[in-house]
Amino acid sequence: MNKAIIQYYRRLLKADFGNSGEIENASVFVEAIGEKMVHCGNSGNYMQIYLDIEDDTIVDIRYLCSCEPTANVGVEVLCDLARGKTLDEALAIGEDRFYREIGCDDDELKLKVRGLIEMLHEAVARYRNKESGNPAAENIQW
Amino acid sequence: MKDSAFSPDAYRNDFPSLRRKRDGKGPIYLDNACTTLTPQPVIDAMTEYYTDFPGCGGRRSHHWFAGEVTRRVEADGTMGGKGSRRLIADFLNARSEKEILFTLNTTHAINAVALGFNFRPGDTVLLTDREHNSNLIPWLRLQNAGRLRVDHVPMNAAEEFDIDLYEQKLKGGKVRLVSMAYTSNMTGYTIPAAEIIRLAHQYGARVLLDAAQTVPHQAVDVQDLDADFLAFSLHKMCGPRGLGVLYAKAELLDKAASGSADRLEPAIVGGGTVEDATYDAYSLLGAPDGFEAGIPNYSAEVAAGATVRYLGEIGLDRIAAHERRLNDFLTGELLDRYGDLGWFRIFGPADPAKRSGVLSFEVHRPNSTGIATELDRKNNIMIRDGVFCVHSYFNARYGQGWIRPRSHKEHRMIYRASFYFYNTIEECRAFVETLDEIFTERCYI
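Chains as they are written, first to last, in our numbering: chain E, 1 to 142; chain A, 1 to 445.
No lab work stands behind these hints: they were computed from the structure.
Even glycine gets a Cβ: it sits at the ideal position worked out from N, Cα and C.
It is possible that some hints are incorrect.
[To be verified] Derived DEER-like restraints, expressed as beta-carbon distance ranges: (1) E:R97 to A:H391: 36 to 46 Å; (2) A:G24 to E:A15: 35 to 45 Å; (3) A:R337 to E:T57: 42 to 52 Å; (4) A:H391 to E:R100: 40 to 50 Å; (5) A:A267 to E:E101: 34 to 44 Å.
Can you build the whole structure from these sequences, using the hints too?
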């Protein structure tokens, strides 16, 4: 594991994973399992992201996971970056923001970050479809 | 036998895959309970079939190539050479090569019994509480269809077989078949099969042993055991993929004994199994032909003979002793480092000598998944993660849904290192040192 990721992960452990948890009655929820999306790749890996959205703004974002440290570092940064942002601002968050925050851009981290950004985009699309009354919104398969 | 003082180095050169390099480092293969590496004599035997005589053997065709196939698979030794079926019979000390039925793998062999044994309404099949899905799902399917009932014998507090509880269940008089993993793929523990069979027979039950993790690692004598059925796969013993064996006692296969209470009928019929047929009727051949429908995997059948010859030359007792040494060393190293930390636990009996070549452990720490991938990435160390096809045990132990923890405190993952005769103490040391590095990075230690 990259040293910068290890350092970041140690801070998360001390803070007891500050963004971890479930949002009851979340505005939208997305999930990725195994190889899908976050490329966790091992038995038991999963990532769930919950968004609470008011007036087109992400007022809270949390996650539940079972994954290795790199993915966990990535999702913690995602929560910090997206919380308080409007949906459009959240959609504009690029990979580089993650790498600057963490202090490295190794290949493993890139895979996780791209998967997490994809999940965020999926969550926003799903929320907007639901708000627009599109009956297909609840049935998106991904 | 090559030498009496066992050294894996005497055999490692037989394995082309062990000579490979990635990032300048060789492989450290500790996933042998899943499948084993293949030595050159076995590769040569498989290749020989496709290169020299790729025809139909058995009793199908009668020509040059067919004769070569038949001789290598079916020769019974009376004319000098022995074919694979006879060699396997000798390997297991079966009475006759007709008791050796070729299947696709162990799973297929167990299904052949599940679908072919003449169960009666009210019968119970008795399992342990930690069976591989291959020895659970076939029985659950029959239970769901109302054809039998499935019951379990849990291991005792020492993680060993509870013979008293087992006998209590037999006393109920409903158990028709005992079907158990002879050696667990999860813990490496070997059940006391001889005593289990003796008691089963005393109470009128037959016994099927899932010996997929036993036959490759220790000497098995089916006559000494008095086993009724025994299943295993060649690929877990340096042999070809796609070939398993179902040993079945002759009295259970004998056409003349069709009136007996216990009998195995072929689960799959068709080409190669038929004595004669009309538009309305058919008669089947006896064993083994009647149980081996369709064109078989001739290449694998030819190589099966080379496989048991190869293992026989090494010696199963020496293989077992070497695996015990490896397991003893690795268990000691792991427990010295992590045994008192509260989040590291080895599955199965405490004594590594009772765990064959398997060492499964739980890491109950945040973000404990992905360690197998990191071992591979860092030092080409190949082990297994997950639940090893024993979902039922882990769901019972941790509660269904444990694989989706709701907090970091609930994170856990299970890993398995499994050995064979070509593994070394140096490989075990590299495994521990790399694991230590990963645990350090993750702040577990």
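Hints and how they fare:
For R97 of chain E paired with H391 of chain A, a C-beta distance near 40 Å keeps the hint of 36 to 46 Å intact. Our hint of 35 to 45 Å for G24 of chain A and A15 of chain E holds, since their Cβ atoms are close to 39 Å apart. Checking the proposed 42 to 52 Å range against R337 of chain A and T57 of chain E shows it holds: the Cβ atoms sit about 49 Å from each other. In this structure the supplied range 40 to 50 Å holds for H391 of chain A paired with R100 of chain E, their Cβ-Cβ distance being about 42 Å.
The hinted window of 34 to 44 Å between A267 of chain A and E101 of chain E is violated, with their beta carbons roughly 59 Å apart.
Checked against the numbered hints listed earlier, the structure breaks hint 5 alone; every other hint is satisfied.
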